[in-house]
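Peer 1: Order-wise, the sequence lines are chains H and X. Heads up: take any position in the first sequence, counting from 1, add 87, and you land on the numbering used here. Heads up: take any position in the second sequence, counting from 1, add 87, and you land on the numbering used here.
Worth flagging that the hints you see were computed from the coordinates, not collected in a lab. We put the beta carbon where it would ideally sit given N, CA and C, even for glycine. Possibly wrong hints are sitting among the right ones.
As the list claims (entries may be wrong) - The calculated label-pair distances, taken between Cβ atoms and stated as ranges, are:
id, chain 1, residue 1, chain 2, residue 2, range
1, H, S135, X, A234, 20 to 26 Å
2, X, D216, H, V125, 25 to 31 Å
3, H, C89, X, K93, 55 to 61 Å
Stated by the list, open to error - Pairs of lysine-lysine, DSS-like flavour, derived with a Cα cap of 27 Å:
id, chain 1, residue 1, chain 2, residue 2
4, X, K242, X, K154
5, X, K154, H, K212
6, X, K154, X, K212
7, X, K212, H, K92
8, H, K212, H, K186
9, H, K154, H, K92
10, X, K186, X, K92
11, H, K186, X, K212
12, H, K186, H, K239
13, X, K186, H, K212
14, X, K186, X, K93
15, X, K92, H, K212
16, X, K154, X, K92
17, H, K154, H, K186
18, H, K242, H, K154
Unchecked claim - Covered by chain X, according to a simulated footprint, are these stretches of chain H (three or more residues, beta-carbon under 8 Å):
id, region
19, 107 to 113
20, 120 to 128
21, 144 to 156
22, 163 to 172
23, 189 to 200
24, 205 to 219
There are 2 protein chains.
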Amino acid sequence: MCDAKKGHMRHAVDLSRQKMDEGCGGPFGAIIVRNGEVIAEGWNNVTSTNDPTAHAEVSAIRAACEKLGSFDLAGCEIYTSCEPCPMCLSAIYWARLDKIYYANGRDDAAAIGFDDQFLYDEVAKPMNDRSLPIEHVDVPEAREVFAAWDTKTDKIAY
Amino acid sequence: MCDAKKGHMRHAVDLSRQKMDEGCGGPFGAIIVRNGEVIAEGWNNVTSTNDPTAHAEVSAIRAACEKLGSFDLAGCEIYTSCEPCPMCLSAIYWARLDKIYYANGRDDAAAIGFDDQFLYDEVAKPMNDRSLPIEHVDVPEAREVFAAWDTKTDKIAY
């Protein structure tokens with residue numbers, strides 16, 4: 088294991104400790120690195136900012152994108168103190184990060200009350216088998232908007 | 088189908104059209120409803136705000152939580168112009184919304200260039216089978232932080 092990786096991970100873990108101690112939220116930290124340089128930090132601040140999406144990875148992605156002025160983090164890697172939940176994993180894909188490094192695993196998270204495995208199981212199920220009810224509401228205008236996007240000439244695809 | 092559901096969905100779809108036309112991002116809108124009242128709106132503003140997590144549902148959740156001063160949206164429902172991607176679906180779980188209503192499906196989204204099915208497939212895979220590389224970096228301090236959370240007496244669990 089190269090020292091740089093351990094160093095970056097310690098940075099993410101230090102954040103998780105510091106922000107937990109400050110009462111920001113759960114014990115999770117993340118950093119985003121480009122060409123060996125840390126370009127952004129994130130930490131869980133769900134309970135302190137009343138934002139259930141403010142996990143460490145999502146927060147780090149938002150900070151990195153703001154810093155770079157781009158919604159595309161290709162060429163960057165994320166170090167997170169814990170394996171990402173499905174929300175954060177998906178955000179990492181949307182941000183096009185190159186690689187994930189993690190320390191604690193989902194079992195470690197479950198042991199302290201963060202049951203990401205439940206969410207992984209739910210996301211993988213057919214929609215009608217999930218615990219969360221979902222219902223189709225057929226509104227024809229919805230398809231018309233998609234058709235308009237498809238032929239829009241000035242769109243920014245992503 | 089009750090008229091109220093169609094009316095709320097048209098609201099979400101109208102948002103998707105309006106914000107797409109304004110150049111905010113992709114053609115997606117969502118609203119959050121509590122006791123029949125619309126308490127928040129959201130729309131895709133990924134490309135205009137350089138935030139890859141700013142999907143319609145995530146944006147609506149953030150707005151609703153800010154309005155209510157809570158990270159918990161139990162008792163609320165979300166109407167989204169398109170079936171949520173795994174990031175948004177997970178965010179809906181984290182926000183504890185009661186129910187999802189959607190109009191366009193993931194196949195409709197794929198047809199206009201938003202391949203959520205790929206992401207659903209990736210999230211469901213064992214981590215080493217995914218296209219996105221992931222590597223464990225063992226830093227013992229990470230487990231120590233989790234242990235500290237477990238015994239923290241003033242934490243806000245969620």
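Peer 1: Tell me, which hint numbers fail for this structure?
Peer 2: 5, 6, 12, 20
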